[in-house]
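Novice: So the sequence lines, in the order shown, correspond to chains A and B.
Under my numbering, the residues of the first sequence are numbered 1 to 395, in order.
Under my numbering, the residues of the second sequence are numbered 1001 to 1920, in order.
No lab work stands behind these hints: they were computed from the structure.
Possibly wrong hints are sitting among the right ones.
[To be verified] DEER-style ranges, computed between Cβ atoms:
1. Val-1805(B) to Asp-27(A): 43 to 53 Å
2. Glu-1785(B) to Asp-27(A): 45 to 55 Å
3. Glu-34(A) to Glu-1730(B): 33 to 43 Å
4. Glu-1785(B) to Glu-31(A): 51 to 61 Å
5. Val-1578(B) to Glu-34(A): 51 to 61 Å
6. Asp-1606(B) to Glu-31(A): 52 to 62 Å
[To be verified] Okay, the calculated bits of chain B under chain A, using three or more residues with CB under 8 Å as the criterion:
7. 1518 to 1531
8. 1825 to 1835
We treat Cβ as the ideally placed atom computed from N, Cα and C, and that holds for glycine.
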Amino acid sequence: MNSNLIYKIIFLLAAAFLINSCVEPYDFETETFEDALVVEAILTDEVKFHEVKLTRTYRLEEDFPKPESNANVVVTDDTGNEFPFYETTPGNYVSNTAFGAQPQNKYQLLINTIDGNAYSSEPAELLPGNEIDDLYAKRMILQGDDGVALLVDSENSEAASKYALYEYEETYKIVSPYVVRSTIEFEGENWRVVPNTRNETICYNTVPSKEILLSNTTSLRENNLDSYLVRFIQKDDPVLGQRYSILVKRYSLTREAHSYYSTLKKISGSESLLSQNQPGFVNGNMYSLNDEDEKVLGFFTLSNISTKRIYFNYYDFFEFDEPRPQFPESCIPFRPGENFDTPIGMIQGGTVRYLSMAGPPVEGEIGEGPIRVIATECVDCTVYGTNEVPEFWEE
Amino acid sequence: MRRIISFLLLLNCGLLLAQESSKITITLENATVEQALLTIEETTDIKFFYVEQWVNQGNISINLKDVPVEDALQQILSETLLNFYRLDKNQIVITRNNIVYDELPQGFFPKKDSLPPKIKKEIATKYNPVFYSQEDRPNSEIQTVYIGKEDKTSGTGTFTLSGLVKDLETGKPISNLAVLIKGTDIGTVTNQQGFYSLKIPAGVHILQTRSLGSEDITRRLVIYNNGNLNLDLREDYELLGEILLESDPDENVSNSIAGEEKIDIEEIKNIPLILGERDVMKVAATLPGISTAGEGAAGFNVRGGKTDQNLILLDDAVIYNPAHFFGIFSAINPFTTGDMTIYKGSIPAQYGGRLSSVFDITSKDANTKEFAGEVSVGPVTGNVALEIPIIKEKSGLLLGGRSTYSGWILQTLEEESLKNSKASFYDVLAKYNHKINDKTSIKTTGYFSHDHFSITSDSLYSYENLLFSVRADHKINEKNEASLILSNSNYKFNIDYESELNNNFSSGYTINETEAKLNMRYLLNDAHKFDYGISGKLYNVHPGELKPLGSESNVEPFTIPGEKGLESAVFISDNYEVNDRLLINAGVRYSLYAALGEKAQKIYEDDLPKNDDTVIDTLYFGKNEVMDTYGGPEVRFSARYFIMPDLSTKLSYNSTYQYIHTLSNNTTVSPTDTYKLTDRYVRPQQANQYSLGLYKNFDNNEYELSLEGYYKTSKNILDYKVGAQLFLNESIETEVLQGNGRSYGLEFLMKKTEGRLNGWLGYTYSRSYIQLDGEHREEVVNNGEYFPSNYDKPHDLSVVANYKVTQRFSFSANFVYQTGRPVTYPTGKYVQNGMEYVLYSNRNQFRIPDYYRLDLSFNVEGNHKIEKFAHSFWNISIYNVLGRNNPYSVFFVTDQGEIKAYKSSIFSIPVPTITYNFKF
């Protein structure tokens, strides 16, 4: 090679290059359906009428599970007590007597279904748990998103279980952005404007948690749990817009129960594009007494329970110049049609509400019809919740 | 380059009429041959056919009277290399070197079912005089070389051809170059000085050379006598069109190793690229029996084996994670790599420690004469390799480096969740080769690769391979050779987690292994060649640690105690040529593994599921105290039998032990997979493989055909309980399951090694099953029956084709079809605590849709002028031309209490790439 020559390196990047790697929703239908019994039973130390829910598995394209009715449900303990359950609504069984699980006893759930199959749980026990010492809200930026985090601190006694399951129930107030004094009443084909007497300006909505929240303090310095994140609400989520309340329930778990719930969480969680978990059947502690290979779903869980509720308002965490998010996002009155037929038809259909008779044109309002209307959800908050104040609600 | 006269018989002929006479009278003085011939033509009606250049010589003075024409010609041509042949009464052909025979020698047609004769016998049976015509020469570019002059006594016999092979440009001798005679089993390899010597029967032969980095040449030899043929080879620029897998043309038929594949890196450069990377590992996956879980999936499944059952060696050191960016790129730099041999059937006794295969990758030796280099610019990566002579003709240094430009690949992804992620990688390699003297040489290699990526903004993953090896080769005497190899390899990964909450942590995993190995070779005689040796390997694993990150963090520092193990082995094998037909390679390896302390070993109650509650005792072992030992003999047997000269059958039986296991709860390989050493509860994996193959070459080895079947059983294959926690778990034994594996398959491979159109077609039908049938309910999968493994893909078809339009332009194509891999699908859903969950089918009961893909590429080679300072090469590729949206996986997520199904794919549209390479 002749080293006297000078080499010019010409970089060329002329590729019309693009990777399109994607994750897309996929319509999936059950090809082979497996029918199995599903047991939901959490027995706590709280003295109350405990519930057991029995359902069957259902097809992916179906919406609701079928209840398992007319089953014989009994909880027994190792001291010879039996707590029979009776069916209140299809698939829901409630204990005949109020009782609370005792830490020193072992319990078993026995089920006889109407088709003659018998199921049992393995003997399960209850471990003492920690109290929720503090439940608090904090404005913070999490993974780049501004919002409010709901966090739990709990101090622990050494005897308590290091595993816990959390559930929450959030309730938020909804205030309709528009208040209408008049509404339209229909009598057959006829209609007339009447005063609006319905309470549809202030509503409340209560939503249970939709994820498995677990804590495990085995790797922490002490058995204390600090700033455990229960829920994070982004700044623009309208649930924050007025007043918000959350009830957090903490259930102590045994190691087996924790391993069951964490496996369930792991295989149902989102995966990264390039790695996949091995999914499979998650063994609980329920099994069939007739057929060893029959799949039974669910885990008969015994727990110590601790609960806490807090309230806060939007302006507790946000400045007055930060526009509050609301249900719905935007509300603009408009004047549909050319005569009464169009707006009246729409009002009768329920999509819009009467606001007022059209006066002189207003800038920004679309249409030239005789009635000003507005989307129903701008007026009626019962679209989003109930107008009855929840019993526990504190202003 | 020296031009050798092309063999152009019967062209440019003189034509004259002469008198009818069988006897002539002729007088010549200082005449050339041509003048002599013309004189004869003038006086007779004999017509000569000859090449003008040949006859324009000689200084003939004769005076003959009434002699037969033949006698006269004899005398005229006596001082030259020329011969003659009388076609009929009036026509005589002047030939060069060769005597034209007018009848076939006895035994010209070998008896049916006879073997390719050994050299010594060949004299009688295989002697092939010059009877070829234009049609016999498939490629007129083949140059013909005449060795020696034929005389009547040399018509039969074996002659010695010897010579030196040198690099045309650097003049450095080329060693380890295979010099072969096509269609026979005659062949040799050049020694360190580039010298070779072959015993060849007289006649016409096709001589071929095969090596890495040098062009492969083909010469037509016409052997008349002992002679000399020196070859000057150019670096492999011109063989653009070739996609050759085999280094020896008939090795596939003649060697005794069943299930061996060779890949020459230099020769795969035309294969369509993805994102501009020439990738030897991807090429490997187009061969029968070797597959990956999907595009973008790292790891190979060889003959139904798990991805952790492959021993991947880079210059004798194990490379734990040979993938960058999840497997889309290989961590093996194509510019520094010489060749790769894959043993997927019969594994030679010197290798051990993995069940399924050995990928033996060797880096190039640096040019010791002149500085050389190669640069490649692709859309994602840049690559430089330099060869620097240190001591002229004695030692050289090879340096290679490769890197991504930035993490912008990920930013172009459409997937919203990946937009904010980053990924980058680089790798470097340095190899120093030093020839101390003719008998001793030393090679040392260092390699480092680094990857880091983040998929969510709060966690950063990184992983690194660090390898080092030294190899000393010494020729003790004519019969004994020794190689001493020392290697160390280190693999580690880190996960840093940072969020606003005070639970930030850094966690990591490291495995380190050091091996010393002595390979000896003893050439007892022609029939017996022994390989034997001893090796010892020490593993040191840091299975994981968790450290608080930042002062705010309340994460408790946590370290899983280290693991240590010593794997040692002795081995011996004999390559025994029983007779002409039967070649046996029989070996045995005895491996022994000892798990070493220190460790607090938990003891679980027998007959109960292993978990924290069934621990009955803890045993303490001191540092380096032997805790448990495992071991056993491993049989490596392989035999070849010639049914016909170009048809052979091979049979092999192979048993293997593996003492190290990958822990992964992904269905595909992930960089955060960890490796676990065998201990009290995790037992070594074992496999037995039986294979039988048929190998046939056609048309002078232009076509190679093979059909191989195998049946493999294995035990103690590691699997896991659903949702197992594998990282940072001190009690792995509570999460793992060990079961049996069973796989079988039939592999068909057809290659066309030469010509304008070349390439290969591979088809495999194979099945792979696993059985997990533990004693307890939680240890049983699919009721304890055999079920298809994650990588069970019954049909697998690969076609790689290359069409050379001219020397400079070529097209290539790559087509893949595979049965979709098994997955576990939902068979229903259920509600628990107000949330929907999926009920899954039996493990791997369903399959994702079939996979197919076509890639095309167009290659332009810079011109071939030697004076040109740099040799350039363009590759324009389109990956996935059909735009097939191949599903990589289908998965189900419970989001806000509802089940959602998703399908992921990696490259769902055609991906064009331009890459520019140049060599200097």
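Novice: So which hints don't hold here, by number, going up?
Specialist: Numbers 2, 4, 6 and 7 - these are the hints that the structure violates, sorted from lowest upward.
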